[in-house]
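Asker: Based on the sequences and whatever the hints tell you, model everything.
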Amino acid sequence: MMISQLFILSSKGDHLIYKDYRGEAGSDVIDVFYEKVTALTGDQPPVVMSHKDLHFVHIRQGGLYWVATTTADSSPFSIIEFLNRLSGLVKDYCGSLSEKAIQMNFALIYELLDEVLDYGYVQTTSSDVLKNFIQSEAVSSKPFSLFDLSNVGLFGAETQQNKVAPSSAATRPIQSSRDPGGKSEIFVDVIEKMSVVIGSNGVLMKADIEGEIRVKCYMPSCSEMRIGLNEEFSVGKSQLRGYGAAVRVDECSFHQSVQLDEFQSHRILRLCPSQGEHTVMQYRLSDELPSAPPFRLFPSVERDSAGRLLMYLKLRCDLPPKSTAINLSASIPVPRGSVSLSQELSSPDQSAELQLQNRTVFWKIPRLCGGTQLSALFKLDVPGLSSASMLEVGPVGLSFELPKWTGTGLQIRFLRLSPVHPGPSQRWVRYVTHSDSYIIRI
Amino acid sequence: MPYLSGKETVKELRRALSNPNIQSDPLRYRNTVLKVIRAMSQGVDVSDLFSEMVKACATVDVVQKKLVYVFLCCYAHLNPELSLLVVNTLRKDCLDPNPMVRSLALRSMTNLRLPSLVEYVEQPLTAGLRDRAACVRRVAVLGWAKLHNLQPGSEIDGAVVNELYSLLRDPDPVVMVNCLRALEEVLKDEGGVVINKPITHHLLNRLKECDTWGQSEVLRVLQRYRPQSEDELFDILSLLDSSLVSPHPPVMAATLSLFLSLCSSLPAVSQAALERVRGPLLAACGSGSREMRFTALCHIQLLLRSIPGLLGEHYKRFFCSYAEPAYIKRRKMQVLVELVNDENVVMILDELKGYCTDVNTDTAQTAISAIGRIGQSYSDKCLEILTGLLGLKQDQITSAVVQTIRDLVWACPQCSDAVSSALEGCEEVLQDSQGRQALLWLLGAYGERISSSPYTLEAFIDGVRSETSMELKMELLTSTMRLFLCRPAETQDMLGRLLHYCIEEERDMCVRGQALLYYRLLQRGIAETRNVLQLRRSDPSMGVLIGRPAEPFSQWVSSFNTLEPLKHCSVEVESTSRGSPEHLASIPKSNADLPDDLDCRQLEMVHLGSDGAAQRLGCPAGLPAPGAEPSVTLSLSPAVTPEEFERLWTQRRASRSEQESADEGDDGTWIEDTIRCGAVPHCSPQSLHAAMQLVNIQTLAFTPSHSLPWKVFLYTHTWRADASCSTLVLGELLYAGELNPKRPAEGETEGNEQTQATADGDKDVKVTLRQQPHDVSALRVFLSVLTTVLHTLSSEVESE
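Taken in order, these protein sequences are the chains called H and D.
Residue numbers for the first sequence follow our numbering, beginning at 1 and rising by one.
Residue numbers for the second sequence follow our numbering, beginning at 1 and rising by one.
It is worth saying that the hints were derived from the structure and are not from the lab.
Hints may contain errors.
Below, computed lysine to aspartate or glutamate pairings styled on DMTMM-like, alpha-carbon distance capped at 25 Å [as the list claims (entries may be wrong)]: (1) H:K52 to D:E185; (2) H:K12 to D:D45; (3) D:K316 to H:E344; (4) D:K208 to H:D261; (5) D:K353 to H:E288; (6) H:K206 to D:E81; (7) D:K567 to H:D53; (8) D:K316 to H:E35; (9) D:K208 to H:D128; (10) H:K52 to D:D417; (11) H:K19 to D:E81; (12) H:K19 to D:D350; (13) D:K567 to H:E35; (14) H:K12 to D:E324; (15) D:K393 to H:E35; (16) D:K353 to H:D436; (17) D:K188 to H:D53; (18) H:K314 to D:D358; (19) D:K35 to H:E99; (20) H:K131 to D:D172; (21) D:K188 to H:D73; (22) H:K36 to D:D350; (23) H:K206 to D:D342; (24) D:K316 to H:E251; (25) D:K316 to H:E392; (26) H:K19 to D:D462; (27) H:K206 to D:D45; (28) D:K567 to H:E251; (29) H:K193 to D:D358.
Chain H residues, not near chain D, derived (Cβ > 12 Å throughout) [to be verified]: (30) R22; (31) T38; (32) L229; (33) Y312; (34) T324; (35) L345; (36) P366; (37) G371.
Where chain H lies over chain D, by a calculated footprint (3+ residues, C-beta under 8 Å) [claimed, not checked]: (38) 14-21; (39) 34-44; (40) 61-73.
We put the CB at the ideal spot given by N, CA and C, even for glycine.
Answerer: Structure representation (structure tokens):
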């Protein structure tokens with residue numbers, strides 16, 4: 001794998017960063033790339049494009065284009081993984097990924113690019129190694145922006161409880177080795193993504209959970225960390241442990257730095273976290289949820305006497321009563337030719353709108369407690385509504401966040417750092433479940 | 001400085017850089033340098049500041065040094081003289097006690113890319129190779145590669161190469177990997193770094209020390225190694241086993257690539273490796289990065305070409321998620337089509353049905369044609385869904401469905417009844433010309449079963465004046481002609497009007513030419529017309545090709561883990577924009593001028609792309625490997641199209657009838673021979689095709705098995721290494737039948753040799769070969785290969 005040039009563009013095509021490693025082509029390829037990528041039609045795969053004998057491989061992260069030019073025989077896995085890792089590094093060093101953060105820290109990013117690649121070959125991407133070489137200080141973007149405020153609920157819905165870290169806590173740059181001040185903190189996040197398909201008869205047709213344990217470390221020197229998972233945690237179908245309700249996953253894989261000698265006996269992961277963000281463990285559970293799916297939808301779709309389309313939707317949250325779902329949004333495709341929408345929603349904080357170009361009704365619900373249900377009545381004016389076009393309603397896609405809840409039931413029993421770090425240090429454990437794709441057929 | 005033009009920015013910066021007050025304040029000086037770099041990365045041409053920046057380089061501030069070096073490396077090629085000044089500073093830095101400064105200086109020096117500076121760089125580079133600090137050695141090793149590429153054609157310094165080889169044993173793994181990379185570049189002309197047994201074992205033993213990038217690099221280089229014994233091979237494989245299931249996709253892919261190249265002769269081991277890699281590959285398909293997901297999907301498509309059953313039970317992993325971009329959904333559906341089996345077909349169809357009304361039209365169309373593809377094996381269920389979609393009366397959906405139905409009926413004529421009842425009323429919904437063209441084709445093909453077809457056509461004919469699409473008018477002409485043949489009373493009048501319009505008023509020459517052709521054809525009489533327009537409603541050869549035969553790994557191994565699979569739509573499914581299915585079969589319609597032996601009414605085309613089933617055949621023992629003969633090899637490229645074949649073949653007949661059994665014309669040779677392999681005509685077209693493919697003979701067309709007379713057309717290229725001359729061989733196999741030893745005598749058989757085929761005639765297949773240019777010995781080799789293949793096949797069929 002050999003990267004000839006590397007550049008970062010904003011979504012509008014502004015040149016943010018450009019580095020030529022091998023001097024094989026001029027910088028005009030940036031514009032060639034941008035023309036090509038904006039000329040693509042919807043279903044054309046954009047990941048790899050070629051121009052003469054140059055090949056562009058790019059990813060999108062943080063609304064930016066991260067592009068590498070390379071030769072045809074390069075491994076796409078390597079290049080894409082590298083670009084992802086690079087964007088992760090930039091995020092670690094600059095605190096967040098945005099056009100602004102990159103513009104403010106370009107000296108640091110050039111430094112990073114210089115150390116990460118030489119002559120187009122990856123030298124290292126480990127933040128432990130890199131921190132010895134990077135000299136520039138990160139410039140944080142404004143600590144309080146409206147954007148941050150809107151994000152507050154991301155992990156902790158109830159920020160007033162001092163037990164929950166504010167979501168902005170983890171969007172700051174990692175410290176460089178020479179700066180002893182600043183809080184030393186460590187975040188361990190259990191993040192799960194659910195993809196569920198519920199058939200029109202209410203039968204669960206597909207249910208997958210993909211999860212990961214992510215460690216974000218802001219400790220200048222952390223020698224060893226031990227993460228204890230549920231004792232009942234089991235991998236595979238046959239193996240059952242403990243007496244409590246089993247926490248089961250089908251497959252699980254670990255970062256290569258994780259030591260597993262205590263995993264078999266006590267479900268303990270041992271690792272020496274390096275600064276920045278790392279995925280320590282990934283797991284997945286297929287086809288079987290330990291509890292009922294978190295949401296059910298009871299729809300009824302009919303035509304009223306005035307020829308309007310009536311959709312009566314009842315959404316029930318089957319989470320335990322203590323849990324709450326936030327930022328719910330249901331998208332309901334409606335027949336082509338729908339003109340206008342009138343709605344009756346069961347509480348004032350909900351909202352709904354019809355987006356004509358997507359022919360979809362978006363129903364937004366800020367929060368929904370476990371064990372409760374909501375309802376909505378949508379009336380749509382569809383000129384020339386036929387019984388056939390009723391078939392175009394659905395399937396409903398639901399997106400949501402479930403803070404402090406995991407679909408698999410995975411919990412972190414304890415988090416120990418050794419030797420005990422001198423000075424104040426804080427440890428945070430956070431859980432969140434996102435909807436990857438939660439589809440309910442009608 | 002957004003309000004200043006580029007020139008003023010540069011002026012401003014120059015003033016600041018040369019201001020002694022700023023120069024004396026390290027922080028302000030650094031900030032000014034920072035501004036220069038910012039301007040540079042925003043695309044302002046700041047090359048004029050070169051001399052000021054050279055001065056700024058002499059500083060103790062490492063951050064400023066780094067920034068200045070970024071600038072210098074960018075503009076050095078414009079100022080070779082001034083760069084000489086920089087080299088002095090850099091050489092001084094190379095002796096700095098701080099290893100970071102040393103490595104920075106060395107890297108910058110080699111990044112200046114100035115051939116004139118090479119003499120100054122060599123000495124610090126040599127010293128760098130022996131530096132105490134690993135980070136300096138890393139830079140120095142790659143520095144030699146940079147230096148070598150700066151002076152193309154220069155001699156390679158043997159001492160340096162030896163030094164690099166010895167650094168493969170460096171304790172630092174990055175230095176080791178960099179040595180591999182540098183040697184690959186320096187020794188490019190000699191085929192790269194030598195991978196012998198000690199080096200291979202050394203690299204394998206240290207694999208675990210490298211990070212993922214280093215591992216994939218080492219694994220890639222090792223692909224060149226050929227183990228000397230089977231024991232060694234299996235030792236290597238067991239060492240690599242843990243990398244095969246690595247959670248890092250680059251390592252997993254590189255290891256699989258290495259496995260496949262090491263085990264190219266052990267298909268069972270390769271298969272086991274693929275099964276082992278299934279888990280990580282599926283995990284990559286669910287990766288958080290959509291680009292990684294796409295890459296994994298494209299590679300899964302490759303694997304499925306050889307092992308269709310690999311992922312059958314994991315089909316749910318390929319269900320599209322709600323927010324995925326259309327290009328990923330498309331790939332997922334292509335994979336789903338490949339995974340269909342009896343157990344999961346209901347679930348998959350149910351899922352695909354959900355996508356058919358997707359808001360994104362591309363996704364909807366892809367889903368519809370995916371259902372059509374599945375319909376080739378599960379026609380009832382799919383037709384039910386497709387006809388149901390017609391009920392939606394949506395123009396884009398209807399258009400996609402009609403096109404899909406046309407393609408489906410072409411492959412499975414048995415569904416035509418269900419189709420013809422569903423088509424009524426579609427014409428009102430259809431808007432685009434692709435969909436209407438498909439409808440016209442269906443009306444032409446099944447007009448006699450669709451009661452309303454003349455009226456539908458009439459509406460099209462009435463609107464022909466305002467029609468802009470040339471293809472649609474051509475299709476309209478053909479369909480009306482065909483309908484006229486089966487329903488003359490209703491159609492005659494409108495056909496007359498259409499022909500009149502097209503001949504008298506139409507501007508497009510193609511349409512007019514077509515209309516004139518049909519007009520003259522009608523003048524020749526209805527029998528003649530029927531003969532020409534006689535319609536093939538289906539392509540039975542496609543029917544058997546549905547369960548696409550597994551390809552051997554070698555078909556795709558070379559493109560695995562490269563950018564290739566991501567670029568092309570590697571499976572040639574669902575191109576929604578194409579003409580009638582007959583045009584796909586790329587053989588011209590039968591015509592009175594064509595010779596009998598190419599009459600396509602009896603022949604079925606095999607698409608050149610659908611390569612053979614050698615895997616399934618399992619390489620019978622009797623088959624010689626391609627090029628088993630010492631000096632002659634057979635090859636398939638350049639490919640011969642059916643048209644070209646036909647032209648060359650008919651040329652043969654012409655020259656032959658003039659010369660009356662002369663052995664060679666000036667443009668080639670023909671020979672005829674017989675081969676005893678009576679069972680061959682009973683074997684399936686697939687196995688024949690696959691067997692031929694195995695020895696690099698391409699079958700171009702054949703009659704279905706068991707039919708009489710049984711014919712196969714094939715071609716290959718021979719290449720003689722000693723004489724380095726290549727020839728094209730075209731051939732025909734003819735089997736006239738067991739009960740009919742005196743084979744059809746028209747034109748075909750006035751040769752000499754085949755008269756001996758008397759008593760044994762019922763077992764003989766007649767071979768007619770044409771070679772161009774003439775090369776008897778190559779032809780003889782070809783004939784012996786062909787004989788062996790046919791004998792092997794024949795014995796296999798008989799034993800079954």
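Asker: Could you run down the list of hints and mark each one as holding or not?
Answerer: Against the structure, the hints come out as follows:
no. : hint             : verdict
1   : H:K52 to D:E185  : holds (22 Å)
2   : H:K12 to D:D45   : holds (21 Å)
3   : D:K316 to H:E344 : violated (37 Å)
4   : D:K208 to H:D261 : holds (18 Å)
5   : D:K353 to H:E288 : holds (24 Å)
6   : H:K206 to D:E81  : violated (68 Å)
7   : D:K567 to H:D53  : holds (13 Å)
8   : D:K316 to H:E35  : violated (37 Å)
9   : D:K208 to H:D128 : holds (18 Å)
10  : H:K52 to D:D417  : violated (50 Å)
11  : H:K19 to D:E81   : holds (23 Å)
12  : H:K19 to D:D350  : violated (49 Å)
13  : D:K567 to H:E35  : holds (18 Å)
14  : H:K12 to D:E324  : holds (22 Å)
15  : D:K393 to H:E35  : violated (37 Å)
16  : D:K353 to H:D436 : holds (21 Å)
17  : D:K188 to H:D53  : holds (19 Å)
18  : H:K314 to D:D358 : holds (23 Å)
19  : D:K35 to H:E99   : holds (17 Å)
20  : H:K131 to D:D172 : holds (18 Å)
21  : D:K188 to H:D73  : holds (15 Å)
22  : H:K36 to D:D350  : violated (36 Å)
23  : H:K206 to D:D342 : holds (19 Å)
24  : D:K316 to H:E251 : holds (16 Å)
25  : D:K316 to H:E392 : holds (24 Å)
26  : H:K19 to D:D462  : violated (63 Å)
27  : H:K206 to D:D45  : violated (57 Å)
28  : D:K567 to H:E251 : violated (31 Å)
29  : H:K193 to D:D358 : holds (23 Å)
30  : R22              : violated (8 Å)
31  : T38              : holds (15 Å)
32  : L229             : holds (18 Å)
33  : Y312             : holds (21 Å)
34  : T324             : holds (22 Å)
35  : L345             : holds (23 Å)
36  : P366             : holds (20 Å)
37  : G371             : holds (25 Å)
38  : 14-21            : violated (count 0)
39  : 34-44            : holds (count 6)
40  : 61-73            : holds (count 5)
Checked against the numbered hints given earlier, this structure breaks hints 3, 6, 8, 10, 12, 15, 22, 26, 27, 28, 30 and 38; the rest are met.
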